[in-house]
Amino acid sequence: MSVLEVKDLQVELMTTDAVVRAVDGVSFHIDEGETVTIIGESGSGKSTTAMALLRLLPDDLAVISGEARIAGQDVTGDRKVINQLRGRVVALIPQDPMTALNPIRTIGRQMTEAVRIKYPKLGRSEAKQRALSLMEQVHIRNPAKQFDAYPHQLSGGMLQRVLIAMAVSTDADLIVADEPTSALDVTVQAGILDLLLELQEQTGIALLLITHDLGVARLMSDRIHVMKSGVFVESGPVTDVVDHPQHPYTQKLLGAIPELGPWHDPALTEPSQPGPYAVGDVPDSGSVAPQTGSTEASGSAASGAKLVKEASHG
Amino acid sequence: MLTYVLKRIGQTILTAFLAVATVFVLLRMAPGDPAANYAPPNPSSEQLEAIRQQFGLDQTIPVQFWTFLQHLFQGDVGTSFFFKRPALEVVLERLPYTITLAVAAIILTSIVAIPLGVWMARRNNTGPELGANIGTIAGQSMPDFWIGFVLLILFAVNLRWFEPSGYDSPASIILPTVTIAILQIALISRLVRREMVVNLASPYLTVARSRGVSERALTWRYAFANAALPVVTALGTRFAAMLNGVVIVEVVFNWPGVGELVVNALKQRDFPLIQATVLVTVMLALFVQLLVDLLYPLMDPRVRLGEASS
Chain A
1 MSVLEVKDLQ
11 VELMTTDAVV
21 RAVDGVSFHI
31 DEGETVTIIG
41 ESGSGKSTTA
51 MALLRLLPDD
61 LAVISGEARI
71 AGQDVTGDRK
81 VINQLRGRVV
91 ALIPQDPMTA
101 LNPIRTIGRQ
111 MTEAVRIKYP
121 KLGRSEAKQR
131 ALSLMEQVHI
141 RNPAKQFDAY
151 PHQLSGGMLQ
161 RVLIAMAVST
171 DADLIVADEP
181 TSALDVTVQA
191 GILDLLLELQ
201 EQTGIALLLI
211 THDLGVARLM
221 SDRIHVMKSG
231 VFVESGPVTD
241 VVDHPQHPYT
251 QKLLGAIPEL
261 GPWHDPALTE
271 PSQPGPYAVG
281 DVPDSGSVAP
291 QTGSTEASGS
301 AASGAKLVKE
311 ASHG
Chain B
1 MLTYVLKRIG
11 QTILTAFLAV
21 ATVFVLLRMA
31 PGDPAANYAP
41 PNPSSEQLEA
51 IRQQFGLDQT
61 IPVQFWTFLQ
71 HLFQGDVGTS
81 FFFKRPALEV
91 VLERLPYTIT
101 LAVAAIILTS
111 IVAIPLGVWM
121 ARRNNTGPEL
131 GANIGTIAGQ
141 SMPDFWIGFV
151 LLILFAVNLR
161 WFEPSGYDSP
171 ASIILPTVTI
181 AILQIALISR
191 LVRREMVVNL
201 ASPYLTVARS
211 RGVSERALTW
221 RYAFANAALP
231 VVTALGTRFA
241 AMLNGVVIVE
251 VVFNWPGVGE
261 LVVNALKQRD
271 FPLIQATVLV
281 TVMLALFVQL
291 LVDLLYPLMD
301 PRVRLGEASS
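Residue numbers (the UniProt record's numbering), protein chains in the order written: chain A, 1 to 314; chain B, 1 to 310.
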């Protein structure tokens with residue numbers, strides 16, 4: 001059975017002046033032990049997809065339709081379903097570790113809290129033992145000392161390890177990793193990705209990876225979905241998509257990976273279109289700026305998604 | 001830490017000294033002669049001069065101030081013209097009433113404003129929240145003497161639930177407390193609401209929600225624990241201000257605190273009593289402010305441990 005089964009998922013975001021269909025009918029699944037990546041540029045709807053699956057979008061801002069089954073249970077309806085799954089069956093590794101923890105509580109207290117949500121019967125000291133062994137598992141040096149530290153005392157890389165440990169602590173079936181390395185230093189990124197691969201090998205957990213970085217996708221995934229303007233433009237096993245891209249958008253994404261060698265300024269050889277566009281603009285399929293895939297930070301869901309209708313006010 | 005505390009205590013003493021010095025000079029520059037208040041009807045100029053000499057008011061202001069300072073360092077704040085007793089003694093008799101009123105008001109404010117603000121943040125942009133929001137704006141806009149009179153007419157005169165004035169029974173504290181608290185509740189609940197809205201929308205809260213943390217824990221242990229920092233500071237500042245700022249309410253309710261005392265002292269041009277009141281209330285307010293500042297690092301590890309990351 002698939003750990004995650006998504007059918008025709010749609011997410012409409014209510015902005016102040018329009019309704020934007022950020023996710024427009026995507027379907028995919030993830031089996032046990034598999035890593036599936038959704039890749040796309042900023043505003044393609046990839047993060048919105050992940051947040052919608054976890055029901056982390058506010059009800060008054062996002063309307064979800066379609067079907068999304070986590071461990072067989074549809075999470076698109078009543079919030080009670082996802083409330084029972086979060087921290088127990090599905091866990092999140094967030095985009096920016098620096099802002100992802102409560103700044104005034106120690107790492108240890110937040111970890112033991114996470115452990116005890118899945119295992120309420122564990123006593124305080126047992127939960128602490130488990131948290132410490134998890135910190136060791138994610139290669140945090142001197143766990144006993146970091147246990148009593150506050151988030152601001154740790155580096156971004158260390159915090160992401162803590163957050164990964166918290167996700168793993170739940171023995172979840174599925175981890176959603178939303179741009180897990182985007183906010184980190186390049187030198188730290190590789191370590192975090194290695195850790196995710198290592199943990200997946202140990203636990204056989206399924207991973208939904210959201211990234212804009214083809215290099216990350218190629219390293220981590222079994223299968224890949226290329227997302228653009230709320231829809232998957234190309235899907236398939238990672239080697240097929242990367243080695244034989246069918247869709248022009250995928251080809252552009254691949255072309256955006258900088259190559260080492262003599263520098264040819266693409267602006268001199270082909271006419272380029274301006275990168276940023278306003279909410280509601282529908283860029284045509286050839287509008288990826290050359291370096292989009294490698295440098296642009298991702299996250300905002302609304303820009304560049306399809307404009308569904310103008311909202312009426314007053 | 002110790003040097004910080006000593007520095008702050010030094011600042012407190014200096015501020016109190018400057019406040020008293022200002023009041024000392026202003027009182028003597030203002031028109032009106034205290035001697036006239038304490039002389040028999042139709043006094044002769046000799047009688048007035050004798051009273052001035054008795055009070056030491058015949059000297060120039062710098063000389064008077066120097067004498068005042070000499071006495072101050074011996075622990076003598078002066079003798080009240082009106083009560084003919086040490087002014088400090090008179091002030092300290094009244095102080096417990098003002099402190100009681102301020103404590104009651106700040107407690108009432110906290111237990112109403114905090115849940116109200118949290119509730120408003122959670123129900124942000126809904127009908128009931130809009131109603132409460134308008135209510136807090138109204139509470140902010142009503143002058144306290146007016147609220148005081150309305151409560152007096154309603155509950156003391158018409159309904160006869162309370163005695164209209166003075167301090168007769170523990171129940172006497174209710175109306176003045178409510179009068180002070182209405183404005184404070186309006187201000188503090190709006191602050192709580194604002195801070196909670198920000199914290200409820202912050203990334204760490206979403207991530208905690210993704211871990212399955214209950215909404216109740218998210219509201220209190222996460223969002224409120226962070227929102228509480230500026231709220232505690234504001235409550236402390238309001239409390240400090242109340243210690244010398246409840247004059248009007250004390251007068252309206254004839255509450256025997258320092259506010260009521262200082263108004264009468266002003267009417268009677270009782271200089272030493274006014275100086276003693278200013279000295280005591282300013283020092284008390286600054287002391288409360290110091291306590292709040294010392295509380296801050298206990299509540300926020302980022303202040304306690306510095307911003308440097310390891």
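One should not assume that every hint holds.
[To be verified] These stretches of chain A come out as covered by chain B in the derived footprint (C-beta under 8 Å, 3 or more residues):
| # | stretch |
| --- | --- |
| 1 | 143 to 153 |
| 2 | 217 to 225 |
[Claimed, not checked] A few chain A residues that don't get close to chain B, going by computed Cβ distances all over 10 Å:
| # | residue |
| --- | --- |
| 3 | T15 |
| 4 | V19 |
| 5 | F28 |
| 6 | T99 |
| 7 | L122 |
| 8 | P248 |
Rather than coming from a laboratory, the hints here were simulated on the basis of the structure.
No residue lacks a Cβ here, since even glycine has one placed at the ideal position from N, Cα and C.
Least C-beta distance between T99 of chain A and chain B, which was stated to exceed 10 Å: The claim breaks: T99 of chain A does not keep its Cβ more than 10 Å from every Cβ of chain B (closest is about 4 Å).
Classify the label on T15 of chain A as holds or violated, using whether its beta-carbon is more than 10 Å from each beta-carbon of chain B. For T15 of chain A, whose nearest Cβ neighbour in chain B is about 15 Å away, the distance exceeds 10 Å, so it holds.
Does V19 of chain A really sit off the interface, with its C-beta more than 10 Å from all C-beta atoms of chain B? holds (18 Å)
Does F28 of chain A really sit off the interface, with its C-beta more than 10 Å from all C-beta atoms of chain B? holds (20 Å)
Three or more residues of the stretch 217 to 225 of chain A near chain B by CB distance under 8 Å? violated (count 0)
Going by Cβ atoms, does L122 of chain A stay more than 10 Å from chain B at every point? holds (15 Å)
Report holds or violated for chain B covering the stretch 143 to 153 of chain A, Cβ cut-off 8 Å, minimum 3 residues. holds (count 4)
Please settle this one: P248 of chain A was flagged as non-interface, so is its CB more than 10 Å from every CB on chain B? holds (35 Å)
The structure fails hints 2 and 6 (numbered hints given earlier, in ascending order).
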